[in-house]
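Chemist: Each chain, letter by letter, is given below.
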Amino acid sequence: MTDNYEVRDVIDKETLSTVKSVGDTYKYGFSTDIETEYAPLGLNEDIVKLISKKNNEPKWMLDWRLKAFNRWKKLKQPDWALLEIPEINFQNQYYYARPANMKEKPKSLDEVDPKLLETYSKLGIPLTEQKKLAGVIEEKPEEKSEGRKVAVDAVFDSVSVGTTFKEELKSAGVIFCSISEAIKEYPDLVKKYLGSVVPISDNFFACLNAAVFSDGSFVYIPEGVRCPMELSTYFRINAENTGQFERTLIIADEKSYVSYLEGCTAPQRDESQLHAAVVELVILDDAEIKYSTVQNWFPGDENGVGGIYNFVTKRADCRGRNSKVMWTQVETGSAITWKYPSCVLKGDNSSGEFYSIAITNNMQQADTGTKMIHLGKNTNSRIVSKGISAGKAQNTYRGLVQIGGRSQNSRNFTQCDSLLIGNKCGAHTVPYIEVNNSSARAEHEATTSKVDEDQLFYCMQRGIGEEDAVALIVNGFCKEVLQALPMEFAMEAQKLVAISLEGSVG
Amino acid sequence: MANMLNIDDLKVSLEEEEKQIIKGLSLSINPGEVHAIMGPNGSGKSTLSSVLAGKDGYIIDSGTVNFDGSDLLEAEVEERAALGIFMAFQYPIEIPGVGNMNFLRTALNSQRKTRGQEELNAADFLKLVRGIAKDLEISDEMMKRPVNVGASGGEKKRNEILQMCLLEPRFVILDETDSGLDVDAMKLVSKGVNNFSSSSRSFLVITHYQRLLNYIVPDFVHIMVDGRIVKTGDKALALHVEETGYKDFLQLGKEKH
Ligand SMILES: Nc1ncnc2c1ncn2[C@@H]1O[C@H](COP(=O)(O)OP(=O)(O)OP(=O)(O)O)[C@@H](O)[C@H]1O
Ligand SMILES: [Mg+2]
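Line by line, the protein sequences give chains S and C. One point on numbering: in the working numbering, the residue at position 469 of the first sequence is 469, and numbering is uninterrupted. One point on numbering: in the working numbering, the residue at position 9 of the second sequence is 515, and numbering is uninterrupted.
Everything labelled a hint here was simulated from the structure, so no lab data went into it. Misleading hints may appear alongside valid ones.
[Stated by the list, open to error] To list a few chain S residues with every Cβ distance to chain C over 12 angstroms, as calculated:
1) Asp33
2) Glu37
3) Asn44
4) Asp113
5) Phe165
6) Lys166
7) Val305
8) Lys386
9) His428
10) Gln483
[Unchecked claim] In silico lysine-lysine, BS3-like type, Cα no more than 30 angstroms apart, as pairs:
11) Lys619/C - Lys479/S
12) Lys450/S - Lys619/C
13) Lys424/S - Lys561/C
14) Lys640/C - Lys424/S
15) Lys561/C - Lys450/S
16) Lys495/S - Lys662/C
17) Lys53/S - Lys76/S
18) Lys561/C - Lys495/S
19) Lys650/C - Lys495/S
20) Lys479/S - Lys561/C
21) Lys662/C - Lys450/S
22) Lys619/C - Lys633/C
23) Lys290/S - Lys650/C
24) Lys495/S - Lys619/C
25) Lys450/S - Lys650/C
26) Lys495/S - Lys633/C
27) Lys525/C - Lys479/S
Just so we're clear, the structure is a prediction, and the values are computed from it rather than from any experiment. For each residue, glycine too, the CB sits at the ideal point set by N, CA and C.
Let's have the full structure, built from the sequences with the hints guiding it.
Modeler: Written out as structure tokens, the structure is:
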């Protein structure tokens, strides 16, 4: 039996050495050397005023922020998640950072600093009005497609540096711009909907965001319009020791449709950085929003040094009859993920879907899931969650399905699968189901399994290397969620799944 | 002629418990030869296949295995595959969510890459696979499914042969590929194997039935009992086993202790 023990030991050592090299596999870890203007360190009322002033905001916006700030001071950081969160010193970071030459917002993309443009092109997101995102590999080269158009809003640290295809979208009636711009250009829409889905003091991090958010994206799809292209926002944290607080507001008016993508990366740094975003979706009668995220913030190194703390509040309000929302998320980055994109199904016959892949490797921690709040009649929700845990990581699915007393004939289906790689990681499932209507039905299925040795051997006997075999099997495990992504993102996401698991087998 | 595969006095135990399964087995196979192994349940036939393919969980107590003159036991599983070793599984594995085509293309291109060959593009790959699938009467619908998921026992076995034809190995282990096949499928599979055989390819055919050996005619038949080869002969030996069972050989296994 000592033989046996030694063999295991050797395997563990090999695993360690491969895992050590993982820090180098985060290919978005570079930083851009650019002169940056910071607000003074820390957070107080003056900082809130300064952010508002930098954005040339009207008074009502500043008042809103100050109200949020005063509420936030009384709130406590939540501690119910299955996360070990090192103490965050909110006074020891910057709340605003912008490239110095962005003082005057460029009028067109031609005026944007080439260094910024280069940063985005290195990330595979060229800010030109070309037909598609770079980095998209054609699955079948013999069927060369034209490539669909994707409009991009690029948020760099605290500011939006540019939005593509604005004019073309405008002619279709679609508004797509940074939220700082929307506050000035479309105050009525912003006043009407901002904070109407996620109220100011919804939770500690959302409240902080309401006080200090610096930029983000704004989308309005008018009645009867099917948005002619995919919209996307690309978030990049570059400045050191700076939090990113962005706010996104999307309104789908009656009978409209939009598909929206969100991507995030950050440089590899030793100290952790805070990212606290709020996303609000408003969906009126017969409208539909598809919201997809590929979250790839720097996850920290193999020892858990550095990485982004990702505390995000995302909620969709299905206000209208027959309204529909679909959240799809691929969460591979961040040292800590605290995120529960939710659906409030108010309108009769409305439906909410949540498809999630959460991968944690090394020392990463994720506590993520969704809330489905059924209020209207005949509402439907579907949850498909795939959690993958490797290294010493902890991965928790936390979900709430609540069917209200007036919500006749409503349905929920939840499928929650966890996959473990190695034996030092953990997977947890915390489902809450509250059904207050006897005509409603909620179904929950959950599985936890290990990457199957026989499957690995089978792949490898056919010539596939171990890491590729793991990636193949894990991608198969996630298939249902990957299929829910827009084609452009599905390929990227598949590669990302493979990259984030590199070094997880030995 | 140099041996392709040379197993010399191999002894193998399980890693999990102290139990020796292969207890001193020697076997040499030359290019172009077909060797059949028959033996009672539990005699170690599948274990031998797994060890040759490089599966985890075994301890080599002693003995050597050479392939093309170099130490096979040193090579990783996928390296052995790239060297041209293929094992058709007794129980093919299901991989949910992974499409057959994707799996086959990844496997073929991985091997090509390891061998320093160029990867096959999607169009050439499709043409190649469709041709093989047609010969084995495997439907398009089947090819679109996830690997082996929802396939019947016989369909899985046919799929193994398809993989063999695609990957073009030089040394093929067929572990009870005939079990679970209906008469027609057996003919198809045998035809596939026979078309595939050549003077440079060798086969190790594990079977319980001499029926298969009517189609795939062996140069040698070995009887394996309790982790050893106790008797080697030609096709007549298989017929003998079919008529009388293994009782004549069980004693031989014990005598060698
Ligand atoms: N992983 C394992 N754990 C425990 N015992 C094992 C393991 N693998 C093989 N064995 C044992 O080793 C012996 C040989 O098994 P093996 O599968 O090689 O037999 P076989 O000759 O292929 O039999 P069959 O004709 O039934 O396929 C059996 O007694 C089996 O129970
Ligand atoms: Mg067997």
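Chemist: Are the hints correct? Go through all of them and say.
Modeler: Evaluated hints:
Every Cβ of chain C is farther than 12 angstroms from the Cβ of aspartate 33/S; the closest lies at roughly 37 angstroms, confirming the non-interface assignment. Every beta carbon of chain C lies more than 12 angstroms from that of glutamate 37/S, the smallest distance being close to 48 angstroms; the non-interface claim holds. Under the 12 angstroms C-beta cut-off, the non-interface status given to asparagine 44/S relative to chain C holds; the minimum distance is some 51 angstroms. Once the 12 angstroms rule is applied to beta carbons, aspartate 113/S is consistent with being away from chain C; the minimum gap is 39 angstroms.
No Cβ of chain C approaches the Cβ of phenylalanine 165/S within 12 angstroms, the least distance being about 31 angstroms, so the stated non-interface status holds. With 12 angstroms as the threshold on Cβ separation, the claim that lysine 166/S sits away from chain C holds: the shortest Cβ distance comes to roughly 37 angstroms. The claim that valine 305/S is not at the interface with chain C holds, since no C-beta of that chain comes within 12 angstroms of its own (minimum 32 angstroms). With a least CB separation of 10 angstroms from chain C, lysine 386/S falls inside the 12 angstroms interface cut-off, contrary to its annotation.
Listed as outside the interface, histidine 428/S is consistent with that label: its C-beta sits roughly 23 angstroms from the nearest C-beta of chain C, beyond the 12 angstroms cut-off. The Cβ of glutamine 483/S does not lie farther than 12 angstroms from every Cβ of chain C; its closest approach is about 10 angstroms, which violates its non-interface assignment. Under the criterion of a C-alpha separation no larger than 30 angstroms, the hint pairing lysine 619/C with lysine 479/S is consistent with the structure, at around 26 angstroms. At roughly 29 angstroms between alpha-carbon atoms, lysine 450/S and lysine 619/C fall within 30 angstroms of each other, so this suggested pair holds.
Proximity of lysine 424/S to lysine 561/C is assessed by CA-CA distance (about 23 angstroms); at most 30 angstroms being required, the pair is judged to hold. Simply put, lysine 640/C and lysine 424/S have alpha-carbon atoms about 46 angstroms apart, too far for the 30 angstroms limit, and the pair is violated. The hinted pair formed by lysine 561/C and lysine 450/S meets the criterion: a straight-line CA distance of about 18 angstroms does not exceed 30 angstroms. Proximity of lysine 495/S to lysine 662/C is assessed by CA-CA distance (about 29 angstroms); at most 30 angstroms being required, the pair is judged to hold.
Annotation: proposed proximity of lysine 53/S to lysine 76/S holds, straight-line Cα distance about 28 angstroms (limit 30 angstroms). At most 30 angstroms may separate the alpha-carbon atoms for a hinted pair to count; lysine 561/C and lysine 495/S meet this at roughly 27 angstroms. At most 30 angstroms may separate the alpha-carbon atoms for a hinted pair to count; lysine 650/C and lysine 495/S meet this at roughly 21 angstroms. With a C-alpha separation of about 27 angstroms, the suggested pairing of lysine 479/S with lysine 561/C holds against the 30 angstroms cut-off.
Simply put, lysine 662/C and lysine 450/S have alpha-carbon atoms about 24 angstroms apart, close enough for the 30 angstroms limit, and the pair holds. Only pairs whose Cα atoms come within 30 angstroms are accepted, and lysine 619/C paired with lysine 633/C is accepted, the gap being roughly 20 angstroms. A threshold of 30 angstroms between alpha carbons decides the hint, and for lysine 290/S with lysine 650/C the separation of about 27 angstroms falls inside it, so the pair holds. Straight-line distance between C-alpha atoms of lysine 495/S and lysine 619/C comes to about 18 angstroms, which keeps the hinted pair within the 30 angstroms bound.
Taking the CA atoms of lysine 450/S and lysine 650/C, the gap is near 26 angstroms; set against the 30 angstroms cutoff, the hint holds. As the CA atoms of lysine 495/S and lysine 633/C are separated by approximately 26 angstroms, the hinted pair is consistent with the 30 angstroms bound. Distance hint between lysine 525/C and lysine 479/S is unfulfilled; the C-alpha atoms sit about 40 angstroms from each other, more than 30 angstroms.
In summary, the numbered hints that this structure violates are 8, 10, 14 and 27.
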